[in-house]
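K.L.:
With the hints as a guide, dock the two chains, each given alone in a separate frame, to form the complex.
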Amino acid sequence: MSKSINIVTSTAVPLNIENIDTDQIIPARFLKATSRDGFGKNLFRDWRYENDDEAQPKADFVLNNPTYSGQILVAAKNFGCGSSREHAAWSIKDAGFDVVISSFFADIFKNNALNNFILPVTVSDAFLAQIFKAIEADAKTTLEVNLPEQFVKISTTGEQESFDINSYKKTCLINGFDDIDYLINMKAEIEAYEAAR
Amino acid sequence: MAKTLFDKIWEKHVVKNIEGGPSVFYIDKHFIHEVTSPQAFKGLEKRGMQVFRPKQIVATPDHNVPTLNQHLPIKEELSRIQVQTLKENCEKFGIEMYGLGHPFQGIVHVIGPELGVTQPGMTMVCGDSHTSTHGAFGSIAFGIGTSEVEMVMATQCLMQSKPKLMRINVEGTLNAGVVSKDIILYIIALISASGATGYFVEFAGSAIRSLSMEARMTICNMSIEMGARGGMIAPDEVTFEYMKGRLFAPKGEEWEKAVAYWRTLPTDAGASFDKEIDIKAEDIEPMITYGTNPGMGIGVTGHVPALNEIDEQEKPSFEKSLHYMGFEPGAEIKGKKVDYVFIGSCTNSRIEDLRMVASFVKGKKKADDVEVWIVPGSKQVEKQAIEEGIDKIFEEAGFQLRQPGCSACLGMNEDKIPAGKYCISTSNRNFEGRQGAGARTLLASPLTAAAAAVTGVVTDVRELI
Ligand code: SF4
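So the sequences go chain by chain: A and B.
When we follow numbering that gives the first Met the number 0, the leftmost residue of the first sequence carries the number 0, and every step to the right adds one.
When we follow numbering that gives the first Met the number 0, the leftmost residue of the second sequence carries the number 0, and every step to the right adds one.
These are calculated hints, taken from the structure and not from any lab test.
None of the values given here were measured: they were computed from a predicted structure.
Don't take every hint at face value.
As the list claims (entries may be wrong) - Listed next, the in silico DSS-like pairs over lysine-lysine satisfying Cα-Cα at most 27 Å (straight line):
1. A:K169 <-> A:K76
2. A:K186 <-> B:K45
3. B:K274 <-> A:K76
4. B:K45 <-> A:K31
5. A:K57 <-> B:K420
6. A:K57 <-> B:K319
7. B:K45 <-> A:K169
8. A:K152 <-> A:K92
9. B:K11 <-> B:K163
10. A:K92 <-> A:K40
11. A:K76 <-> B:K163
12. A:K186 <-> B:K15
13. B:K41 <-> A:K186
14. B:K363 <-> B:K391
15. B:K314 <-> A:K186
16. B:K243 <-> B:K7
17. B:K319 <-> A:K40
18. B:K161 <-> A:K76
19. A:K186 <-> B:K91
20. A:K132 <-> B:K314
21. A:K169 <-> B:K161
Unchecked claim - Label-pair restraints from in silico Cβ distances:
22. A:D124 <-> B:K91: 16 to 24 Å
23. A:G95 <-> B:K45: 19 to 27 Å
24. A:D59 <-> B:P417: 20 to 28 Å
25. B:N174 <-> A:S161: 47 to 55 Å
26. A:A187 <-> B:N174: 50 to 58 Å
27. B:L77 <-> A:R196: 38 to 46 Å
28. B:E75 <-> A:D180: 31 to 39 Å
29. A:L62 <-> B:E318: 16 to 24 Å
30. B:K91 <-> A:K132: 48 to 56 Å
31. A:F60 <-> B:Q83: 34 to 42 Å
32. A:S161 <-> B:K91: 42 to 50 Å
Backbone N, C-alpha and C fix where the C-beta goes; we use that ideal spot for every residue, glycine too.
Here chain B stands alone, though its shape is the one from the complex (with noise of 0.2 Å):
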């Protein structure tokens, strides 16, 4: 019988079977980092009990950490607290910790992929709903809680349903201008922020095949934000030259033999989804969210919904968010003012991203009453970046390049937007205090996000390029 992607490695993940329930569902990787591991290993604690397998878990501190001075002690105490104690916890129960000033430490999903600890085939969870961000290696990948983290801690398994599954098949070819993360919040604005909850969902189509490794993490990262379990593209030769060499990637015959599995893996022709949604790559254009959902989202060209637009049953929440927002209905997004740019986060920090950027910035300069941040993802994306020169173009922009961490993406750590500001914002959410109590957030690209850095205010990048 045809199978998917996500059948082929469910399979051989069950451990059992349960009778009218769940299955008991292996995992082979588990990401941990500070904020929603503490309570998992004083539940082992409680249980008298050891991490069942800690070579299988890497953690590092990401959440809480300051993009400013690194090396000092961190300022906050309950953040560094937090810092300390997953250190502890990684000492005593014996796991692989790349903690703050290790040339490894990152945004959890920003360090996975690049160590080569991702890969096809495989599952893997965190307490971290953008673990989805894995599936773009062809891996079930997903967010789990506490609870569960502690699950896999004690037994390397999870009870889990088999979700139903959809596949988005974007085809054709992007307009300049457009990139990845259009594609995604054009995804979530269609379908809404709850479009495919209950299903896993399998990216599929020439504009996908034609994507980077990045850019397709870019789209995995953010199908929680349309309530999906998770995402995932089919690994093809785009993937085995991205992990070729990476530092945990299988070497000499090993790799040989990972490779011709791996090639197994991609959805058979014929092989059935539950829902499947069909959309062109010409029809979408360079994106900006207007709401406090990632669901909200318009072409940087387009006007902020109507009254008369908006379901009668929806109004009173699109009219609280749009007065979060301060926005009117049937508004023009273009030229609105903005205070602050935010390039980062698990879903936009990649070299990738800097590198976008950078070419786009080089020669011009940041607008005067705006504050431009640039987080890199990880030590080895700023590494990377310095190596490339990558740094200068952003001082000379004026843009800021800060230490690796999630930074503004959650008003957890220092980088926060004060109440009331709009911040331009590559990561993934626009949720109300997501980026500080009473902060505005418009979700973009990063191009369109340099692009208002450069002007001050909501730009369509396509008249700059």
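So that you can see chain A by itself, here it is in the shape it has in the complex (with noise of 0.2 Å):
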């Protein structure tokens, strides 16, 4: 599992769903576990199989269809609302996906997916409808995420688009650095704080 993100290129699996909240993405009672590992085989579990059970996926459901596969997970707007469990992160990790793309992510989901090295990408509702156009016509399409460059680019229509990302998150995604080491470097600074309140 990349532990940084640079430039992902790779086909993309298409989940033409509004407000997919973290319930979906991962049911409550999957969140028992004390470990943070093993949670991409119950990503979307209600939407995959029928009656709980693996030896029944749901044909119709994307993520079981052998069409689609790919690094990157393109959803439509209001992506992971709801709970602000972090397992819903790293099923989708788990999954094999290192990038999600949607018109607009929920707060929390979107603190928790870059503290797990999943870059969520926000595009226009237009070039979101663009991406889900081009994957539907052909699913070997292919999206350039460029980090560095803060853009997503189709293959096979040449379409692109810049997104947005604060210069210390981007940073952090490129060289694998952590908040939390970030954090604890600023111990002193932190006592000096409490100190003076």
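P.N.:
Written out as structure tokens, the structure reads:
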């Protein structure tokens, strides 16, 4: 599992559903683990299987469709709303996704994704529609998600759009730095702050 | 310069601003529970670190706990291990924990305020999105992920970017039968489940000021359901009155000093917000949701939107949602059959909620084919309900009073709604499968839920009061 992100060029899995909440990404009954591993197999569990049975995959769900694969998940607007469970980010990463593209992300999910070296890319509604269209037309369409240059490009159509990310987070992702390392190095300043209040 | 409530608290808690990036932001209080903390403790151990400020953390198990026979060991193995792991971690790292059976145990967002841990002007976090509840006291309170739980354990700080600020003004007087849950469901229906994403929201106006602390907590609790990072309400006499004498509230001279400071916190006249919304309290009627996100709410006398009222782009999600719920576009919601009634969760499980339900059902009986669960938010709420004789009223009505916990708010403990069944719930989320795989949730106020318990169908409570 990569602990840094630079340029990701890959086919993508299209999930054209709005308001995907973290209860769908990983249902509550799978939150009982005390470690961070192995959540990928329960990603979108209740959309993936009939009667919670791995022997009965739902044929119409995109993750069960061998036509689509890749390191990039493309979802409709307001992805990751609801519960703060970081298990949602762990399950997405564990299932092999390094990038999620949507036109709108819930705040807590966005932080959780970044803390797990998943790049949440916010594009315009119009560009998102173009991505879905391109993948629908040709499942082998690759997307280039270029973090250093901050753009997404659709290989088959050549269309591209730039995206925003704050420069601190960008440096962290490219270099594999964690917030926690940064904070631990600030201990003396934090203690000084406490003493001064 | 005129400042907002948020600005005043924010500025006091910035340890350092980073060029082109977030701020190092200091956290006063950290709540933890069994579900989102184990991996954080593991992370600390892997780094060979101690918890930096264990006295600033309060722990309680809530998500996984059974609500019957809490004196017995938890039957489900993974839940038992998670609750046990919390206990062991708290012992190892010197953190106060109110475990099962402790007189202070309960849902983390219910016990913080009732113990006086939650105070105006504070910064508070928890690995739980409904941490926004605590903002009702005039604090900056928000939910975080497990990596962030670990950061706060290690350094008492987080990296935070300042959010945009929104103010929602609710002016006027509420109609009879309309309570604070209806206000927040109305607001979310108005601006949608993502309408406040990227914002921290201050609720203001005469209708908000007229509310009790419990009712204010219900509103701030659900600010996350419109995407907001958190919600807050300026502290006032109602706040101070609620807090005075609580276990961890300041005492004596300290109290006077604290109140004097808290009085400086409300937003100054002329302070500016990135967005403001004005709402008339008179426009709000008892609300209920028909779909699978909290923004899909309507007045109880209204109808599910017809297909031609929905944007073309949103149709697939809308139809998927109605299919899950088993509702037709354009249908009336009133009169729909209900199988379960759940009154509980960090949104509506405080003593005031139970009193409201009790005063409505006194002398009435539940409908025959409805199951009714009342789950108090904490041991203290449970105790008070019994002292006031509320338990007897519920018993006579055929309602089941259970023991404190998150219960049927999320399908994680034993309290689940069976697939295909309809549940009127006072909780905060109607997502697919939230109350159990296949369960169909209709969010409403405790009053509207109680009315449905009595009639067995979705009911306009105003016809019964
Ligand atoms: S009652 Fe529900 S929303 Fe509140 S903390 Fe528990 S699970 Fe979360």
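K.L.:
Which of the listed hints are broken here?
P.N.:
Failing hints, ascending: 15, 22.
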